[in-house]
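K.L.:
Keeping the supplied structure of chain R fixed, place chain H upon it in accordance with the hints.
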Amino acid sequence: MSILALRGGRLWNADEGPAERGGTPADGPVDVLVADGVIAAVGPELGDHDADVTVDCSGAVVAPGLVDLHTHLRQPGREEAETIESGSRAAALGGYTAVLAMPNTTPAIDSAEVVREVLELGRSALCAVHTSGAITAGRAGETLAPLAEMAALGVTLFTDDGDGVQDDALMRRALEYAGGLGVVLAQHCEVKSLSRGTCMHEGDVSTRLGLPGQPAEAEELMVMRDIALCRLTRTPVHFLHLSTARSVQLVREAKAEGLPVTAEAAPHHFTLTHEACAGYDPTFKVHPPLRTAADVVAVKAGLGEGTIDAIATDHAPHTPDSKELPFDQAPPGMLGLEYALALALTELDLSLPRIVELLSIRPAAIARMADQGRPVAVGEPANLCVIDPAAMWTIDDTGGASRSRNVPYVGRKVRGRVRHTVCAGELTVLGGEAQG
Amino acid sequence: MADLLDVAALGRSGVEELHRLTDRMVEVCHRPIPKSPALRGRTVVSCFFEDSTRTRLSFEAAARRLSADVMGFSAGASSMSKGESVRDTVQTIDAMRVDAYVVRHRSAGVPHQISAWTDAAVINAGDGQHGHPTQALLDTYTLTRHLHGTPATGAGPAPGLDGVRVVMVGDIRHSRVARSNIDAMVALGADVTLAAPATLLPPTIEAFPVSATDDLDAALATADVCYVLRIQRERMAEALVPTMREYTATFGLTARRLGLLGERAAIMHPGPMVRGLEIAPQAADDPRSLITAQVANGVPTRMAVLFWALMEAPDAVAAPGESGGEFRIETETETENTDDTEETPT
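Which chain is which? The protein sequence lines are R and H, in order.
Counting from 1, one number per residue, gives the positions in the first sequence under this note's numbering.
Counting from 1001, one number per residue, gives the positions in the second sequence under this note's numbering.
Among the hints, a few may not be true.
[As the list claims (entries may be wrong)] Heads up, incomplete: computed chain H residues facing chain R, CB under 8 Å, no partners named:
id, residue
1, R1031
2, P1032
3, V1110
4, H1112
5, Q1113
6, Q1129
7, R1179
8, E1206
Derived from the structure by calculation, the hints contain no laboratory data.
Computed from a prediction, not measured in an experiment: that's the story for all the values here.
Note that beta-carbon positions come from the ideal geometry of N, C-alpha and C, so glycine has one too.
Chain H on its own, in the form it takes in the complex:
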């Protein structure tokens, strides 16, 4: 069992390993029957203490494509609304013998806390303003494969983001997506510049090996990637931005700024987008936009993460009577025919 609590703990090799697994999951997803028995008999529980339809569906689809049993709850329907503590919820679920928790919570650190209370794997599906590791993994996967293509099986070290200039623009201070992406991109060798008014930058930017600018135009001119983050309207009430019009004018990826971006540069956004606010419709739909690919890579990335989290101790998960007990990511049909010859992912 392995936890995925934040990206920093993975380091470059961990991120690359998960990317390689994602390649294989993409391949599974393109099969006529996009399903593998790899996690058959395993139970994944999605604990969405904070609602997130997109992320929850993505994780549950990923678990099902690997044949895991899936159960879960969302905040509104859970006994949390009756005052039950997170720990009691975890103990109740633990008693049902689950193998992995997928945890979303509005407070930073809850996945860390849960990992201390259970032996099951804990996967952070977004915690407060801290992290959203699977988003960062799917984003960096999308970007590396966009830049370098999918490496052949058994090829050397996976291509990283060495020397790639990323401009991340938007509400970085309040963004878990930004924190995880900074960790992942920097781990892969990218040169990250944050562009935002100081009120939306982290108060201690030295905590990250990045630079910051308030001149988005200049930053875009040399960028290989413009990663746009959502801006929420409540930031006006907190006096972090005066007006949305002013924000768009200074930090929006507008149609004009699209012209500043190089021809081969990429545009990314984790969604959900507010078109016309942080990103112009023309930018979202520009041929340089990877936004659709980001969405498409969500399920394979989460398949890779679930597989990785549960494959640590293959012996411990051998089903009785099954030969080997190693994980397989073959399709159901192939598995039946080639039971003894399946390859084992590394």
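Isolated chain R, as found in the complex:
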């Protein structure tokens, strides 16, 4: 039995009571011993315990591994931009121990066959690879995909991400059908008839740039509709990458009403505004688009108060070639896996435990990942990340481990860095370097 010792770190929730810590007693530096993929011991100065590998965690925080609800791994079909191998490596470096792959691949992840392929490729990855499934066949928005067949393989979240399900009746049927499966339907909220042909947020910047913009209402109308359909069907709805102030308010009201809705926000929607598009650099093109400063404030407030449950990266790799196209023709999306934690620690005025909830605990619960987002306590699965919360670094343009380099944060100074990541008991990142 191989033993891994994480030596001298502080637990992420050390300031809370023992009950919240899952029974772990100490609030000072502790050692965490991992054996057979499970946390075997947690406590101060546990000694050597014949550890096979000992890693230094002094000055760092030991937290549950991060969970990304929204990752574009691009495989199958767009391997030049990302693969499950490269994407999972970026995830591990970002502190993630699990990602949820989005289904807008080629072919779309809309059948048991493609789900099996993605899960199989994920077995050798540097993090747990879960996959979502498409709501409609081919993500075409016309007929239901075989949801039960995919749910039987462990798919817990369905979405046509990249597009919203436009047809009201079809979305209603999908929710009714999914209700019996114990899964959640997630929506990319964008009313196509309002957004077709647009490439950024509609406002003073798009007007000056002469770029066709989509109004915030293109998102908000679908949030509104899906809240109504959630009320009608009582099936859980998860709102992907909310970007406008009114969307946040709509979800706030739906939650107050007791509806089973959850929501996520992407790092770029709380760190960047549409002003970033002023130089016509398609790196800043994303769907939903970067919005106004007031929207950024609202998204931050939503994250702070819990209206928005989770930070999800919407990590969307695109090759340099495709991001050199004219702004209106370039594909939307930006990288996120290696930056989300630092951006959250730097830009959100929230405690580290709150940020761990947003990046790990809540997303694991939404996607029903039973072995993720768990307490750092004896008997729990060893999915962990070790964070240097004070480490300052500058984001560069290399794209990290991704095959792409569409990074919108180049030159930004951020705080907080992943030192080690442990996935299913194995070190996937050691001292900031991916292992294997």
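P.N.:
Same frame as chain R, now just chain H:
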């Protein structure tokens, strides 16, 4: 080297500087031999990813009158139609050592992107719905000289458009000409009012220091200038205007509205016109129309822009063996006779 990507970056002084240079280019164009050696040895490439015969011919004529070498392509004939990227096209052309790119593209921002990929000067000849700076420069040149005449050489600050009331009517939302002209006219002090149905106004009009009206009749009564923009028939399919007849009735510069316009007011249109739709034939041919002058000022304006874009670092462009190395806008004949005494434009 200087880029001309949009008018806003020029500011009032930049626009006025280009107008003063245009005065000199007009003078060159009126010489018996309308040609200057100013850009001899320089290569200008016209990259028309979107076809535009008028603008391309105007730029190429301007470059040739300044003795630049000219090469270029249009969308249909280029390797873009074989799937080559803009960046690869630029790298290929850069390898031929060119000094200036004149870029037309159907997508906004392409000149900005190209400027990041080359050290040569980049001149925006129209990008999507964003900008068409040389059109705005020639329009404001035409207007200021119409109002104030051509200032004497060495005269004080160039006359601007302070207090001039411009009514811009038509499809402003989709118009790069409108965006650049708003910037140029406002920079020169004009008071700009946009007249169009809300569907053809920019969605966020607050982005510009202008006002808007849907009462063209009232606006014309106090206008010094009526600037008419083209309306395209596809706007009906997009439900932006119900019918062309209704558009003409509400926002066309009709024969009736011509009577509302003051005697000294000016009528402008960037072309190509659809007579009878946005502008009545009587209006286009009215004595108050500056449309012919606009066309005539196209080449001198583009000469001024090319000269301005390439004169930034005169030392760097001194041909070997040539004295000085400063730009000249004398004619060929004069240059040979007065090699050491030519004046240098400022």
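K.L.:
Identify every previously stated hint that the structure contradicts and give their numbers, smallest first.
P.N.:
1 and 2
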